[in-house]
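Student: Each residue of the sequence shown is one higher than the one before, counting from 1 in our numbering.
Derived from the structure by calculation, the hints contain no laboratory data. Quantities reported herein were computed from a predicted structural model and do not represent experimental measurements. One thing to keep in mind: the hints can contain errors.
[As the list claims (entries may be wrong)] Simulated crosslink set (DSSO-like; lysine-lysine; CA at most 30 Å straight-line): (1) Lys133 x Lys212; (2) Lys55 x Lys134; (3) Lys55 x Lys133; (4) Lys55 x Lys212; (5) Lys212 x Lys137; (6) Lys178 x Lys55; (7) Lys302 x Lys55; (8) Lys78 x Lys178; (9) Lys140 x Lys212; (10) Lys212 x Lys134; (11) Lys55 x Lys140.
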Amino acid sequence: MNRSIIYPAELNFNNCLHFSSHNLFLYLFSTSLVFLSLTVIVYLSLPTLRTLGGKIIIGELISVILSFLFLVLILIFKDEFSFNICLLMGYTTHYALLCHFFWLNVMSFDIWLTFRTNAEINWMRSERRILAKKEAKRLKYYILYACGVPLLIVLLTYMAQILLPRENAINPRVGHIKCFIEQSTSKNVFYFYPLTVLAVLNIIMFSATAQKIFLETKKTKLLYGGRSNSRALARLRLEKRRFLIYLKLFVAMGVPWLAEPLSGISGHFRCGWLLLDLFNASLGLPVFLLFICQRRTLCLLKQRLFPGSKPSYPCNNSLSSSSHTSMMSRLSSNTLLIAAKYENTRL
Numbered sequence: 001m002n003r004s005i006i007y008p009a010e011l012n013f014n015n016c017l018h019f020s021s022h023n024l025f026l027y028l029f030s031t032s033l034v035f036l037s038l039t040v041i042v043y044l045s046l047p048t049l050r051t052l053g054g055k056i057i058i059g060e061l062i063s064v065i066l067s068f069l070f071l072v073l074i075l076i077f078k079d080e081f082s083f084n085i086c087l088l089m090g091y092t093t094h095y096a097l098l099c100h101f102f103w104l105n106v107m108s109f110d111i112w113l114t115f116r117t118n119a120e121i122n123w124m125r126s127e128r129r130i131l132a133k134k135e136a137k138r139l140k141y142y143i144l145y146a147c148g149v150p151l152l153i154v155l156l157t158y159m160a161q162i163l164l165p166r167e168n169a170i171n172p173r174v175g176h177i178k179c180f181i182e183q184s185t186s187k188n189v190f191y192f193y194p195l196t197v198l199a200v201l202n203i204i205m206f207s208a209t210a211q212k213i214f215l216e217t218k219k220t221k222l223l224y225g226g227r228s229n230s231r232a233l234a235r236l237r238l239e240k241r242r243f244l245i246y247l248k249l250f251v252a253m254g255v256p257w258l259a260e261p262l263s264g265i266s267g268h269f270r271c272g273w274l275l276l277d278l279f280n281a282s283l284g285l286p287v288f289l290l291f292i293c294q295r296r297t298l299c300l301l302k303q304r305l306f307p308g309s310k311p312s313y314p315c316n317n318s319l320s321s322s323s324h325t326s327m328m329s330r331l332s333s334n335t336l337l338i339a340a341k342y343e344n345t346r347l
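I would like the entire structure built from these sequences, with the hints used as guidance.
Tutor: Structure below.
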């Protein structure tokens, strides 16, 4: 039977690794669940991190948490599930995994759209309130897209199961042998193809964003020369950092899963695919280190838990005017708009 990370208990390590795949994946998924949950809790508990970008990250992590939770339940109780329970678990896992990739797509689109915007912004409170309303409206569209389109795909998958003959290649046959899409053709249509399209779009938008950053940085240097603006410089660095965080999250949580279609097609490098599955299952700790174990985040968390404590350094991580005076005002108007949008998120 073809190996699939969706159902790790089916993996056979006898030819390359000498331990139980069931217990190993159960341990890795469970450990990742703990660290991913801690990451979401920290983001929810710190108002400074609950910007539009932070909420997108929360949506992405929640979808991964649900995916891993369903996989753990399947690993533990697969032999005790009735057909209906296995069917339900299969489709909920399918939905959660699709949401994971659609939130990654939202992430790449949002950063691309932000850098693409060229409007100048007034720093008055009224303008910031208008910006906040626009972000709230945009977040609603993001949620509708990242949760609604996967639901539509899952409904189409279920309709294929109940309307098509069981021997039809498009019939997913969820719940008959395993608690996920059994047919390889159906899995390609309802899972791998959407996944691949999203990944290609993400790569295109991340590449366009990187090019925009380079061009805008070069442009502002030519326009403003030696004049300085430390606040603007700090915000530019902030947005570059946010872009890198998004990019790292996409590479860590999106790219490795793209090996799934390749591993289903090719029987070669079996041990390599299994090791990649291990990496996918153990993403919780790297994500926790990437998002939470940052000096500013830890400082904010300390202030939240111990309000009377005095931090040894400013939690806002602001840049001193003396150290950056010579590098000011190298931003164009669209970079300032970006900074206004995420000025409190310093990942």
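Student: Please go over all the hints and tell whether each is borne out by the structure.
Tutor: Hints, one by one, checked against the model:
no.: 1; hint: Lys133 x Lys212; verdict: holds (26 Å)
no.: 2; hint: Lys55 x Lys134; verdict: holds (14 Å)
no.: 3; hint: Lys55 x Lys133; verdict: holds (15 Å)
no.: 4; hint: Lys55 x Lys212; verdict: holds (24 Å)
no.: 5; hint: Lys212 x Lys137; verdict: holds (25 Å)
no.: 6; hint: Lys178 x Lys55; verdict: violated (34 Å)
no.: 7; hint: Lys302 x Lys55; verdict: holds (21 Å)
no.: 8; hint: Lys78 x Lys178; verdict: holds (8 Å)
no.: 9; hint: Lys140 x Lys212; verdict: holds (26 Å)
no.: 10; hint: Lys212 x Lys134; verdict: holds (23 Å)
no.: 11; hint: Lys55 x Lys140; verdict: holds (11 Å)
Of the numbered hints given earlier, the model fails hint 6 alone.
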